[in-house]
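Chemist: Sequential numbering of the sequence shown, starting at 1, is according to UniProt numbering.
Hints are computed from structural coordinates only; laboratory data are not their basis. Just so you know, even glycine gets a beta-carbon here, dropped at the ideal spot from N, CA and C. Treat the hints with care, as some may be off.
Claimed, not checked - Derived DSSO-like pairs (lysine-lysine); straight-line CA-CA distance at most 27 angstroms: (1) Lys163 to Lys192; (2) Lys192 to Lys144; (3) Lys163 to Lys120; (4) Lys187 to Lys163; (5) Lys86 to Lys104; (6) Lys163 to Lys184; (7) Lys144 to Lys120; (8) Lys181 to Lys192; (9) Lys215 to Lys187; (10) Lys215 to Lys163; (11) Lys163 to Lys233; (12) Lys120 to Lys255; (13) Lys255 to Lys184; (14) Lys187 to Lys233; (15) Lys163 to Lys144; (16) Lys120 to Lys104; (17) Lys68 to Lys181; (18) Lys144 to Lys181.
Claimed, not checked - Restraint-style ranges between C-beta atoms, simulated for each label pair: (19) Arg18 to Gln138: 37 to 45 angstroms; (20) Glu239 to Arg112: 37 to 45 angstroms; (21) His134 to Tyr206: 30 to 38 angstroms; (22) Gly122 to His210: 32 to 40 angstroms; (23) Gly253 to Lys144: 18 to 26 angstroms.
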Amino acid sequence: MLIDTHVHLNVQAFDEDRHEVIQRARENGISHMINVGFNRETIPSSIALAEQYDFIYSTVGWHPTDAKDMTPDDLEWIESLCRHEKVVAIGEIGLDYYWDTSPKDVQARVFREQIRLARKLGMPIVIHNRDAHHDVVQILREEKAAEVGGVMHCYSGSWETAKMCLDMNFYISFGGPVTFKNAKQPKEVLEKVPLDRLLIETDAPYLAPHPYRGKRNESSYVRLVAETAAQIKGISLEELAGITSRNAISIFGIK
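Construct all of the structure, not just a fragment, from the sequences and the given hints.
Modeler: Given below as structure tokens:
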């Protein structure tokens, strides 16, 4: 049993063969998928997908690259959707300093508002962090995110930053990039992350693992991430799968 803890099955890249992609994942031992809704367009379709398949769950949140578009009504909307039985976390939320689409101060405000909402509702959060390690950790600390914890999605930072996140009750999740031959730092960090805080994901259709790098990613490929993680940890694929699945069930409250 494997769980893909971060995927975007509802996006346009899967419009032609979505059901087949989902079936391939099931045939490859993927028992559950956490589909991520991150703006006004993707949140409703993510929940609809979770309603269609009993083994798919959804998160709802506002992505930092779209932060400038979020209104107070949107935050209330997200809060109302968190009551849905298939919604398991708020996210992906965070900071993105790579894409220059929303001002940093607006990103920070939207990030803080959603952490506060998560604490109000007692829900975990899924963190998007691109080129903003220091500021992400600082905001998580200041907003007391350790009260709810969550997932550092597709982790790309240093071990020092990972330790700070672990101390704040976060799981560290690795995706396709950890399988790349030149991925020295992600491999070193994964080796040090405690097994009881380790998660795996695809972020499909993005960041396909080796040997599909550069092509469309899909949930079935999470097995390749698991194989790499098992090799780095020096354990069997079966053991790695069991541990990471139990971790995902724990943080997301999957039934």
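Chemist: Against each hint, give a clear statement of whether it holds in the structure.
Modeler: Consistency of the hints with the structure:
1. Lys163 to Lys192: holds (9 angstroms)
2. Lys192 to Lys144: Measuring from Cα to Cα gives roughly 25 angstroms; hence the hint holds.
3. Lys163 to Lys120: holds (25 angstroms)
4. Lys187 to Lys163: With Cα atoms ~15 angstroms apart, Lys187 and Lys163 stay inside 27 angstroms; holds.
5. Lys86 to Lys104: violated (31 angstroms)
6. Lys163 to Lys184: holds (18 angstroms)
7. Lys144 to Lys120: holds (12 angstroms)
8. Lys181 to Lys192: holds (19 angstroms)
9. Lys215 to Lys187: holds (22 angstroms)
10. Lys215 to Lys163: violated (32 angstroms)
11. Lys163 to Lys233: holds (18 angstroms)
12. Lys120 to Lys255: holds (23 angstroms)
13. Lys255 to Lys184: violated (36 angstroms)
14. Lys187 to Lys233: At roughly 10 angstroms apart (the allowed maximum being 27 angstroms), Lys233 and Lys187 satisfy the hint.
15. Lys163 to Lys144: Within the cut-off at roughly 16 angstroms; holds.
16. Lys120 to Lys104: Roughly 24 angstroms between the alpha carbons, so the hint for Lys120 and Lys104 holds.
17. Lys68 to Lys181: At roughly 37 angstroms apart (the allowed maximum being 27 angstroms), Lys181 and Lys68 break the hint.
18. Lys144 to Lys181: The given pair, whose Cα atoms are some 37 angstroms apart, is violated under the 27 angstroms limit.
19. Arg18 to Gln138: 37 to 45 angstroms: With Cβ atoms ~39 angstroms apart, the hint holds.
20. Glu239 to Arg112: 37 to 45 angstroms: Given a distance of about 39 angstroms, which is inside 37 to 45 angstroms, the answer is holds.
21. His134 to Tyr206: 30 to 38 angstroms: At roughly 24 angstroms between Cβ atoms, Tyr206 and His134 fall outside 30 to 38 angstroms, so the hint is violated.
22. Gly122 to His210: 32 to 40 angstroms: holds (38 angstroms)
23. Gly253 to Lys144: 18 to 26 angstroms: holds (20 angstroms)
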